[in-house]
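Undergrad: Residue strings, one per chain:
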Amino acid sequence: MHARHWLKGIMLAGGLLLAGMVQANISTVPSETYEALGLDRNKATPKETYEALVKRYKDPAQGAGKGTMGKYWEPIPYSIYLDPATFYKPPTSMREVASRKECVECHSDESPVWVQAWKRSTHANLDKVRNLKPEDPLYYKKAKLEEVEGNLRSLGKLGEKESLKEVGCIDCHVEVNAKKKADHTKDLIMPTADVCGTCHLREFAERESERDTMIWPNGQWPDGRPSHALDYKANVETTVWAAMPQREVAEGCTMCHTNQNKCDSCHTRHEFSAAESRKPEACATCHSGVDHNNWETYSMSKHGKMVAMLGDNWNWEVQLKDAYAKGGQNAPTCAGCHFEYEGEYSHNITRKIRWANYPFVPGIAENITSDWSEARLDSWVVTCTQCHSERFARSYLDLMDKGTLAGLAKYQEAHEIVEKLYKEGNLTGQKTNRPVPPEPEKPGFGIFTQLFWSKGNNPASIELKVLEMAENDLAKMHVGLAHTNPGGWTYTEGWGPINRAYVEIQDEHTKMQEMAALQARVNKLEGKRASLLDLNNPEDKISLGGLGGGMLLAGTLALMGWRKRKQNQA
Amino acid sequence: MNKVIVAAFVSIFVLGSTATFASGNLTSSLAPIAAKDLLNYLSCKDKKPTDVVKSRTDVENGKIVRVKCADAVAVVKKARDASGDAWQGGY
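So the protein sequences, as listed, match chains A and B.
Throughout the first sequence, residue numbering follows numbering that gives the first Met the number 0, covering 0 to 569 in sequence.
Throughout the second sequence, residue numbering follows numbering that gives the first Met the number 0, covering 0 to 90 in sequence.
Please keep in mind that the hints were generated in silico from the structure rather than gathered at the bench.
A hint or two may mislead.
Unchecked claim - PhoX-like, lysine-lysine: derived pairs with alpha carbons at most 20 Å apart:
id, chain 1, residue 1, chain 2, residue 2
1, B, 67, A, 70
2, A, 401, B, 44
3, B, 53, B, 67
As the list claims (entries may be wrong) - Which residues of chain A face chain B? A few of them, derived with a C-beta cut under 8 Å, are:
id, residue
4, 216
5, 218
6, 361
7, 365
We put the beta carbon where it would ideally sit given N, CA and C, even for glycine.
Modelling step: build the complete structure from the supplied sequences, incorporating the hints.
TA: If you want it as structure tokens, here you go:
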């Protein structure tokens, strides 16, 4: 009997050890991240990995909190949801102490759609995942659930023999696998990325690895950017964002920069559907608009149009890895292209970045032929050749690069003209009506701040035009090229608007020169009338000399006449 | 001494950089090369120095400007030399 217990114990310990080993190395997390965290990927437990990730994630020196310009801005009420870790406090209005079950019951009345969406979510139906059959295309979820349970056991949040029953309100909004009641006024939290990462360590670690894989060779962008992992940091470190008084406008920017803080932007609350996040629409709210029209231009491309026409027939529930084979997908999506790297799919979407949207950023174009960039181009070719031949893919990507440079060259020509005006102090109002921007911004020419703040003639119209030519039109030209929308870099966006901006800059410049010439002539004319004694030409001198001589002659004659009359009288 | 000259040269390029900035990115350690020069350089890939290519940007007197590959390559080489170790290889 005793021997049987011993055997059981040994088997359990062996099983746990094995489970621990299986869980330790998260295959889809790049080595750069393990190195940056000082972890041995073959030895680190989920607990150690999670704790190292969260330590960095919550470190203000690594981008958490208000940032380096924190003293210049204050949160508005809505900010508590955009950066909960910094600002969220539980509401004091509901004085409830509630159990797991009571959350659901009460919120069935308070916020019924939350509950309805959650009830049909995977989070509320874990047994369905457990019962998946190997032939089911969603079978991969079963392994994911087991991995989640392994993570929670490593963290001590789930018993060794305990199964995760559900992921309910209380798990995300108070504590994972909470057993006790929660005080609504004290314990409530908004689940940030690290909360999701307690279970979804793999996805959290993949996402956090963007900090380590997006390192530019020449500091073209700050380390780890652009990325989802540091999008909030990028937001609060944008000077005008911190400086501008219109906080509600600025928080519109924040709403597209919260991936760092929370994980519900692509797979939205409270259904958290992975199928939803695989659809192009998931990215559209943020990846759209005047300076990065990815959504618009992708949607208009054949790729995007095929999704619109055929996507209803695809099984979006299958994981990206199986989308083409099992999902029936026959055109690329945002997630399908950008989450893929060398045939593997992860939440790190930085490893193929070359242009980073804005071709005019210093060192970006110069770097486009580097080995660093070429290796990333090769990775893109891997993506494209799931459907296209390598020759087709490379010929198009060559077109994309050179087309982008053509737009950049046109912008640079216009920029040179306007910058010269600035250096000479000749922008409209430059010397008379150019107020300084709000602190801590410094005055400058063609700065990002001028897209969001203006006063008097700061910026000047021609300055804003050339700034928008780059930030908007050139960026869209590249985006159109990158997303294969012909009208998106020729007529409708890109070249057409760039051409117009160039024409109007040349037009305005010529008018300014003509006006300056006219002004010079007027100044000259005004100069003649400055003083009667300011004689600039011989005619003036002769005239005044003649007048003086005449007056002298008249005076002499009058004096002579006066003397003669005096003599006669005498 | 040469290093000082190169550093001064690079500084002038960097500080004199005419580009506008998206949020956050301020400078790069690569010496700037105009996009038109990069296009000429790319057009001259796998060509002889004596070969002549059409500019992808410039028109003068109603004709597309012709560029000698030796000149196009020299422009880029000068910038790469100024970049020093910042250029870590590539075309």
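Undergrad: Take the hints in turn and mark each one as holding or not.
TA: Hint by hint, here is what the structure shows:
| no. | hint | verdict |
| --- | --- | --- |
| 1 | B:67 - A:70 | 55 Å, violated |
| 2 | A:401 - B:44 | 13 Å, holds |
| 3 | B:53 - B:67 | 9 Å, holds |
| 4 | 216 | 6 Å, holds |
| 5 | 218 | 6 Å, holds |
| 6 | 361 | 4 Å, holds |
| 7 | 365 | 4 Å, holds |
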